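S.K.: Each chain is listed here by its residues.
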Amino acid sequence: MRIVAVTACPTGIAHTYMAAARLEKVAKTFGHEIKVETQGAMGIENKLTESDIRQAQIAIFAVDIEVEGKERFHGVKVIQVPLQDALKSPEAIFAKIQR
Amino acid sequence: MPQNSDISTRFVFDCPLASGLHARPASHLSEVANQFLSECRLTNLRNGQVANVKSVLAIVAADVRLGDRCELDTSGTDQQIAFDGLRRFIEKDLPRCDVPLAGIAEFTRSTTPPRLLELAKASCIFGTPVSRGLGRGKVVILRRMPLPSSLEAGNGVSPQHELERIQQAIIAVRQRIGEKLKYSLTPTGTAILQADLAMASDVFLVEKLKEQVLRGMSAAQAVVGVGEFFIALLQKSESEYVRQRSSDIEEICLQLLGEVHPSATPVAIVVLHEPSVLVTETLAPQQLLELDRKWVRGLVLEHAAETSHAVLLARSLGIPTLAGVRNGRVVLREGIEVVVDANRGFVVPHSSLEVQRFYDREQKTLERRKAAHSTTAKHLAVTSDGTRIEVAANVAAGEEVTLAFENGADSIGLFRTEMLFLGRDGAPLEEEQYAIYLAAVRAASGRPVIIRTFDVGGDKQVPYLKSASEDNPFLGCRGARLYAEHQDLLQTQLRAILRASVAGPIQVMAPMISSVEEMLEFKSAIEQAKLDLGQKAIPFASDIKIGLMIEVPSLAFLVEQLSAQVDFFSIGTNDLIQYFVAADRTNAAVSSLYSSSHPGFLRFLKQVVGQFRRAGKWIGMCGDMAADPRNLPLLLGLGLDEISVPPSEVHLLKREIGNLRASECISTLDRAISCRTSTEVDELLSARASERMAPLLSEELVLLESTSQTKEEVMQEMVDAFYIAHRTEDRQLFEEALWAREAVYSTGLGYGFATPHCKTDAVASDSICVLRLNEPINWDSVDGEQVRMVVLLALRNSEDGANHMQVFSTLARKLMNDDFRQHLLKFDNAPQVIMFLSEQLGIQR
Numbered sequence: 001m002r003i004v005a006v007t008a009c010p011t012g013i014a015h016t017y018m019a020a021a022r023l024e025k026v027a028k029t030f031g032h033e034i035k036v037e038t039q040g041a042m043g044i045e046n047k048l049t050e051s052d053i054r055q056a057q058i059a060i061f062a063v064d065i066e067v068e069g070k071e072r073f074h075g076v077k078v079i080q081v082p083l084q085d086a087l088k089s090p091e092a093i094f095a096k097i098q099r
Numbered sequence: 001m002p003q004n005s006d007i008s009t010r011f012v013f014d015c016p017l018a019s020g021l022h023a024r025p026a027s028h029l030s031e032v033a034n035q036f037l038s039e040c041r042l043t044n045l046r047n048g049q050v051a052n053v054k055s056v057l058a059i060v061a062a063d064v065r066l067g068d069r070c071e072l073d074t075s076g077t078d079q080q081i082a083f084d085g086l087r088r089f090i091e092k093d094l095p096r097c098d099v100p101l102a103g104i105a106e107f108t109r110s111t112t113p114p115r116l117l118e119l120a121k122a123s124c125i126f127g128t129p130v131s132r133g134l135g136r137g138k139v140v141i142l143r144r145m146p147l148p149s150s151l152e153a154g155n156g157v158s159p160q161h162e163l164e165r166i167q168q169a170i171i172a173v174r175q176r177i178g179e180k181l182k183y184s185l186t187p188t189g190t191a192i193l194q195a196d197l198a199m200a201s202d203v204f205l206v207e208k209l210k211e212q213v214l215r216g217m218s219a220a221q222a223v224v225g226v227g228e229f230f231i232a233l234l235q236k237s238e239s240e241y242v243r244q245r246s247s248d249i250e251e252i253c254l255q256l257l258g259e260v261h262p263s264a265t266p267v268a269i270v271v272l273h274e275p276s277v278l279v280t281e282t283l284a285p286q287q288l289l290e291l292d293r294k295w296v297r298g299l300v301l302e303h304a305a306e307t308s309h310a311v312l313l314a315r316s317l318g319i320p321t322l323a324g325v326r327n328g329r330v331v332l333r334e335g336i337e338v339v340v341d342a343n344r345g346f347v348v349p350h351s352s353l354e355v356q357r358f359y360d361r362e363q364k365t366l367e368r369r370k371a372a373h374s375t376t377a378k379h380l381a382v383t384s385d386g387t388r389i390e391v392a393a394n395v396a397a398g399e400e401v402t403l404a405f406e407n408g409a410d411s412i413g414l415f416r417t418e419m420l421f422l423g424r425d426g427a428p429l430e431e432e433q434y435a436i437y438l439a440a441v442r443a444a445s446g447r448p449v450i451i452r453t454f455d456v457g458g459d460k461q462v463p464y465l466k467s468a469s470e471d472n473p474f475l476g477c478r479g480a481r482l483y484a485e486h487q488d489l490l491q492t493q494l495r496a497i498l499r500a501s502v503a504g505p506i507q508v509m510a511p512m513i514s515s516v517e518e519m520l521e522f523k524s525a526i527e528q529a530k531l532d533l534g535q536k537a538i539p540f541a542s543d544i545k546i547g548l549m550i551e552v553p554s555l556a557f558l559v560e561q562l563s564a565q566v567d568f569f570s571i572g573t574n575d576l577i578q579y580f581v582a583a584d585r586t587n588a589a590v591s592s593l594y595s596s597s598h599p600g601f602l603r604f605l606k607q608v609v610g611q612f613r614r615a616g617k618w619i620g621m622c623g624d625m626a627a628d629p630r631n632l633p634l635l636l637g638l639g640l641d642e643i644s645v646p647p648s649e650v651h652l653l654k655r656e657i658g659n660l661r662a663s664e665c666i667s668t669l670d671r672a673i674s675c676r677t678s679t680e681v682d683e684l685l686s687a688r689a690s691e692r693m694a695p696l697l698s699e700e701l702v703l704l705e706s707t708s709q710t711k712e713e714v715m716q717e718m719v720d721a722f723y724i725a726h727r728t729e730d731r732q733l734f735e736e737a738l739w740a741r742e743a744v745y746s747t748g749l750g751y752g753f754a755t756p757h758c759k760t761d762a763v764a765s766d767s768i769c770v771l772r773l774n775e776p777i778n779w780d781s782v783d784g785e786q787v788r789m790v791v792l793l794a795l796r797n798s799e800d801g802a803n804h805m806q807v808f809s810t811l812a813r814k815l816m817n818d819d820f821r822q823h824l825l826k827f828d829n830a831p832q833v834i835m836f837l838s839e840q841l842g843i844q845r
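Quick mapping for you: the protein sequence lines, in order, are chains A and B.
Numbering (our numbering) for the first sequence: 1 to 99.
Numbering (our numbering) for the second sequence: 1 to 845.
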């Protein structure tokens, strides 16, 4: 499956990046292809392009704050979870997607 | 008596004041009521208390709180006028009557305790730290004197005579308060004194006193009896604030008692025999000196007397002191063990094990910080390529000299003596000055002390020098220009300085010189003083060095002439800049022109310093420009022999100098001089400042053997590590920022790791701190597991943190990696941790 994701936390110093690393790693074990955009203290990095989003079957928002540029995801199935879930049990997120 | 049912003289209002009608607003209200003949009554409809509005005490006793509905009525010949007047006051002025008393700009008051003490439910009582430090001891309450509980019965006294004595006593007490009011310098002091003044002639109080005397009591008995009556009345109040006002009335009654019966006024004699914390309303310096210093571990003052002599004395003796501790004597019980934490600003009972543990750890933190501090302080400031610069301190009082040297000052670069002349009725005598200069030079033990002769005029006016008012005082008769007219004062001061110079290397410096003539006159004044002393066979150092402040640009064009006359020079940038750019720095409309970054001014400085140095003269700088660490590259580039700064800045500047290369500073100065605008210079300096920020990682921030037992202790330990390393000066703010993040959800990320983090300017530079626990602890981690390793990330708000953020995000990602975590857990020492992290995160070392 092709997945896009966005991570964002209130201070944007640590958890945004931890969650991104975690999602990337676990997605691989599920055999998914994932691209994770981080919205942290350095601004938006690894930005999802229009074609990234168009080609994805699903978008995951692992966020504690509002996602910047939400309108980009119009027409894509989005599931939003608290960022902590991406740290705690990313497996559960992917299991949910497959169902 | 008119029957008072007339609706027009009744008025209902709700109390608009947050702290209710306490003494200060009550004194304003009663002042208004006392203008009228009518009886003015206020009824608190909540509790039914009725008060005579002419009495502050009665109003306070009515316990009117915020929102209480009250009824006001007047009756008497001028009832309508009285009613209108009071109504106008209540509607228009009363709501604004309780402007919070001004705080102290220099010393900020904290209001939150450290997390650990909060958890321990320790009751911290806050005050303003006016002399820093930590002290522990038993509470000794210095009551100025309690009202004597009984006095022998008055016999054979005539009530009329006693009444007169009471009236005279009231006049005397009011006069004394009035005198104090004249010299009150702060709005706080003024407001408190005004309330005291109203209380001292309160109609209710006077009425009661009269009543007692007419019953046959002596004046002294009446004062004691009435005092007790009011104290009991106020203490019955439901409001704690009103209860606490009983000490005010006690104070007034004691003063009255002192007038009518001086021998009945008890004098407190306190003998200390164990570590003690003194709690008192105010303290006379004499009182403090009488106590056995070795047992005085802390001072808690109820009054906010930040500049009182007792406070200055406490500071010079290094006694941790809190001021403005409201009701200290009420809340702190005699004999209990307390800690005065005058670093944070509160006093706390040392009762529970938690508090003990907290302060045992705090003690170690302070010792380690001091050790780190004195290492820097002991060393001379040298740039990384070996250029030396003296870092001296500016002081305004003898007490500051010791503090300056403790902070690592190499010498005293500017002793401002005008403080000795300000705020008094006449100039200080020779002996007084001699004692002060002698104490300073002794405290300096062989290190130079530059004493500047009195510099008044301009913005510093001294009433007894009666200078004519000037349209433009900064261009008028100030500094050395006053000396011709006040030769006597100058001679007195010079004799005192010369006499003290026997004890150590004193140098004397003249302010506000603009011509060679003035300098010659100053020198002949010194010769005159030497002559006088010589005739009286009083010893002095005949070779005392003479210098001048460079504050007027004209001096830059008299280098040769002045160098022939003068031993040393010190640049006073504050005035020099304003005369150079012709802009009054206190005038907001032009203050933007006033900048030490003016490229033209920098070129001017370079020329001045270069010329005087080529003439073989010693040249320093003692203005504000020298105290800003951002300016250091410029100052080193100029090649100054010395910079003189406030004692609190010495340590930081010395450390910063070690991070700079003199050769680079010379080119930074040249680049600054060729900038077009002050803004460009500021940008250049900011860029240079961020280049030399402390590194992200340092051994002081790697704690591998932590014995902390809770999350709170870990946080405290890490914050303390920053404090020891001088990476934070405000631990409270830093800690709060960390806990604010923690409140969103725990930073325990699982796998035995936690990553507390925050963005705050409470830290001096972006930093990573690593802590490994001997015994794992709970961190409410996502996986419920205990935490073994804590990696703290602190980022400053204001800096452009892009570079460091890159490192932080890499670190965050790596922490998700099993190998990385396993590695981090197993190192034996700090250098290994730093080497590993630097490699992994791509930090150049």
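Errors might be hidden in some of the hints.
Per the computed footprint, the stretches of chain A lying under chain B, defined by three or more beta-carbons under 8 Å from a beta-carbon of chain B, are [stated by the list, open to error]:
| no. | stretch |
| --- | --- |
| 1 | 31-43 |
| 2 | 49-56 |
| 3 | 60-73 |
Here are some chain A residues the structure puts well away from chain B; computed CB gaps all over 12 Å [stated by the list, open to error]:
| no. | residue |
| --- | --- |
| 4 | Ile3 |
| 5 | Ile13 |
| 6 | Arg22 |
| 7 | Val26 |
| 8 | Lys77 |
| 9 | Val78 |
| 10 | Ile79 |
| 11 | Gln80 |
| 12 | Gln98 |
With a straight-line cut-off of 30 Å between C-alpha atoms, the simulated DSS-like cross-links for lysine-lysine are [unchecked claim]:
| no. | chain 1 | residue 1 | chain 2 | residue 2 |
| --- | --- | --- | --- | --- |
| 13 | A | Lys47 | B | Lys92 |
| 14 | A | Lys35 | A | Lys77 |
| 15 | A | Lys77 | A | Lys25 |
| 16 | B | Lys121 | B | Lys208 |
| 17 | B | Lys294 | B | Lys208 |
| 18 | B | Lys545 | A | Lys25 |
| 19 | A | Lys25 | B | Lys121 |
| 20 | A | Lys88 | B | Lys364 |
| 21 | B | Lys826 | A | Lys96 |
| 22 | B | Lys92 | B | Lys182 |
| 23 | B | Lys530 | A | Lys70 |
| 24 | B | Lys523 | A | Lys25 |
| 25 | A | Lys35 | B | Lys121 |
| 26 | A | Lys28 | B | Lys814 |
| 27 | A | Lys88 | B | Lys294 |
| 28 | A | Lys47 | B | Lys826 |
| 29 | A | Lys70 | A | Lys96 |
| 30 | B | Lys523 | B | Lys606 |
| 31 | A | Lys25 | A | Lys47 |
| 32 | A | Lys70 | B | Lys121 |
| 33 | B | Lys236 | B | Lys208 |
| 34 | A | Lys28 | A | Lys77 |
| 35 | B | Lys378 | B | Lys364 |
| 36 | B | Lys530 | B | Lys617 |
| 37 | A | Lys35 | B | Lys814 |
| 38 | B | Lys826 | A | Lys28 |
| 39 | B | Lys814 | A | Lys88 |
Please keep in mind that the hints were generated in silico from the structure rather than gathered at the bench.
None of the values given here were measured: they were computed from a predicted structure.
Where is the CB? At the ideal position from N, CA and C, for every residue including glycine.
S.K.: Does each hint fit the structure? Answer for all of them.
M.R.: Hint by hint, here is what the structure shows:
1. 31-43: With 4 residues closer than 8 Å to chain B, the stretch 31-43 of chain A meets the three-residue bar; holds.
2. 49-56: Check failed, 0 qualifying residues.
3. 60-73: Contact hint for the stretch 60-73 of chain A vs chain B: violated, 1 residues under 8 Å.
4. Ile3: holds, 18 Å
5. Ile13: violated, 5 Å
6. Arg22: violated, 5 Å
7. Val26: The claim breaks: A/Val26 does not keep its Cβ more than 12 Å from every Cβ of chain B (closest is about 10 Å).
8. Lys77: The claim holds: A/Lys77 sits with its nearest Cβ about 26 Å from chain B, beyond 12 Å.
9. Val78: A/Val78 clear of chain B: closest Cβ-Cβ about 22 Å, beyond 12 Å.
10. Ile79: Per Cβ check, A/Ile79 is outside 12 Å of chain B; nearest 19 Å; holds.
11. Gln80: Since the minimum Cβ distance to chain B is about 16 Å, A/Gln80 lies beyond 12 Å and the statement holds.
12. Gln98: About 22 Å separates A/Gln98 from the closest Cβ of chain B, which puts it past 12 Å; holds.
13. A/Lys47 x B/Lys92: violated, 60 Å
14. A/Lys35 x A/Lys77: holds, 15 Å
15. A/Lys77 x A/Lys25: The given pair, whose Cα atoms are some 22 Å apart, holds under the 30 Å limit.
16. B/Lys121 x B/Lys208: Violated: B/Lys121 and B/Lys208 sit about 44 Å apart, past 30 Å.
17. B/Lys294 x B/Lys208: With a Cα-Cα distance of about 46 Å, the restraint between B/Lys294 and B/Lys208 is violated, given a limit of 30 Å.
18. B/Lys545 x A/Lys25: With a Cα-Cα distance of about 74 Å, the restraint between B/Lys545 and A/Lys25 is violated, given a limit of 30 Å.
19. A/Lys25 x B/Lys121: Given pair A/Lys25, B/Lys121 is violated - Cα atoms ~45 Å apart, limit 30 Å.
20. A/Lys88 x B/Lys364: Violated, because 38 Å separates the two Cα atoms, which is more than 30 Å.
21. B/Lys826 x A/Lys96: It is violated: about 37 Å lies between the C-alpha atoms, which goes past 30 Å.
22. B/Lys92 x B/Lys182: Distance ~28 Å between B/Lys92 and B/Lys182 Cα, so the pair holds.
23. B/Lys530 x A/Lys70: violated, 84 Å
24. B/Lys523 x A/Lys25: At roughly 81 Å apart (the allowed maximum being 30 Å), A/Lys25 and B/Lys523 break the hint.
25. A/Lys35 x B/Lys121: violated, 49 Å
26. A/Lys28 x B/Lys814: Holds, at about 17 Å.
27. A/Lys88 x B/Lys294: Violated - the C-alpha atoms of B/Lys294 and A/Lys88 are around 57 Å apart, more than 30 Å.
28. A/Lys47 x B/Lys826: violated, 37 Å
29. A/Lys70 x A/Lys96: Holds, at roughly 22 Å.
30. B/Lys523 x B/Lys606: holds, 28 Å
31. A/Lys25 x A/Lys47: holds, 18 Å
32. A/Lys70 x B/Lys121: Violated - the C-alpha atoms of B/Lys121 and A/Lys70 are around 46 Å apart, more than 30 Å.
33. B/Lys236 x B/Lys208: Measuring from Cα to Cα gives roughly 18 Å; hence the hint holds.
34. A/Lys28 x A/Lys77: Status holds; Cα separation ~20 Å.
35. B/Lys378 x B/Lys364: Measuring from Cα to Cα gives roughly 21 Å; hence the hint holds.
36. B/Lys530 x B/Lys617: Between B/Lys530 and B/Lys617 the Cα gap is close to 24 Å, so the pair holds against 30 Å.
37. A/Lys35 x B/Lys814: holds, 18 Å
38. B/Lys826 x A/Lys28: holds, 29 Å
39. B/Lys814 x A/Lys88: Distance of about 16 Å is within 30 Å: holds.
Checked against the numbered hints above, the structure violates hints 2, 3, 5, 6, 7, 13, 16, 17, 18, 19, 20, 21, 23, 24, 25, 27, 28, 32; every other hint is satisfied.
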